[in-house]
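Listed below are the residues making up each chain.
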Amino acid sequence: MKTDDLIRAMAGDTVVGPAPQMRLVWLLPALALGGVALWSRLGLRDDLALALQDPVSAMRIVLALALGGGALWAVVRLARPGAVVRLWPLGLVALVAIGLWLWAFALMPAEGRQMAIVGKTMVGCLTTIPLLAVLPTGIVLATLRQGAPVRPVLAGAVAGLAGGGLAAAVYALHCTEDSPLFYVTWYGTAILAVSAVSALVAGRLLRW
Amino acid sequence: MTQKTDDWGLLLTAALDGDSRAYAHFLRAVTPVLRGVVRARGAALGEAGCEDVLQEVLLALHLKRHTWQVGTPVRPWLYAITRYKVVDAFRARGRRIDLPIEDFADVLPAEAGADPTQRADIDKMIGMLDPRAARLVRQVGVEGDSMAEAGAKLDMSEGAVRVALHRAFKQLAVLRKRHVE
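Residue numbers (the working numbering), protein chains in the order written: chain A, 2 to 209; chain B, 2 to 182.
The shape of chain A in the complex, shown without the other chains (with noise of 0.2 Å):
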């Protein structure tokens, strides 16, 4: 077939797909869902009402979101060839985790710093934060498949730091330890290795 006859047949199809962050919508009911699934297996912490009025407590639910919101962004900008990616938000969010994770270091006694990093929830934290993210980063990965992410492994750590940053968020609802260095530590691993896993994957299932 010629070129020629390509270009005829193609301007034939009129079909045009959605813009890829349509897809992003599904992860509204997705959250609810995890939500629901942790209310109703574990509970949500009994304080939280007022865990949520102390500002270190509360950092961790806004530099989750604040990492999920920030790869969001980035996705839809992954999602489409030639756009700015701008990952410095990413950096930024990681910057002042590991501040506050120095700052709560500092603050607390030598002899008892091993004690608030290992905490008393690290198993849960390190299973339930990926089970959690299994669905949005889905979600995410599904909406750069609509797209053309031409950097593809990017792509999928990206998703996997929005779909773990979110999932944190929602485990964060749960979770009692209040300490930086406990959930800096913690929800931060659980979260690279969702993006790891997440990076892998999109090497492979991004390809178009």
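Do not take every clue at face value.
[As the list claims (entries may be wrong)] Chain B side only, calculated, beta carbon under 10 Å to chain A, not exhaustive:
| no. | residue |
| --- | --- |
| 1 | R29 |
| 2 | H63 |
| 3 | H67 |
| 4 | P77 |
| 5 | E144 |
| 6 | V162 |
| 7 | V164 |
Note that these hints are calculated values from the structure, not bench results.
The C-beta atom is built at its ideal place from N, Cα and C for all residues, glycine as well.
Assemble chain B onto chain A, guided by the hints.
Structure of chain B alone, referenced to chain A:
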């Protein structure tokens, strides 16, 4: 150049609104530029091989045209898709190339050469479609049938023809992926 890009933007905007004449016009306008890019990089493939790669780029452009955001410059979008698909196509043919974006600016547009239709990749892939879809693609492309005409010949409603043609192109992209992996 700016003038041209603006035209491309207007044409593509109309195309995304379902104006198939504007879309054909857009594709015909960008094709020589893309052909120039492919030829500048893939001289070793020969003219027919380059035309295959060009058609792969056009197919990707077609299926991903909704990723262009109305109001933004067409060129960066077009070049990013082209670079991605050209690198992909060359890799599939066992060659590694780097394609710096600056190279795109001074590539000369190229017209199609002698007609290398006989053993082109796209024909092989169209041959792998289900017979009805293959006939439909050829009818619209080669014969220049409208949706209504193609529908009458294939005993399908116009709406069904539209859906079938769109599916055929998506299927072609899937076949192409399998073909090269």
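List in ascending order the numbers of the hints, as given earlier, that are violated by the structure. Structure breaks no hint.
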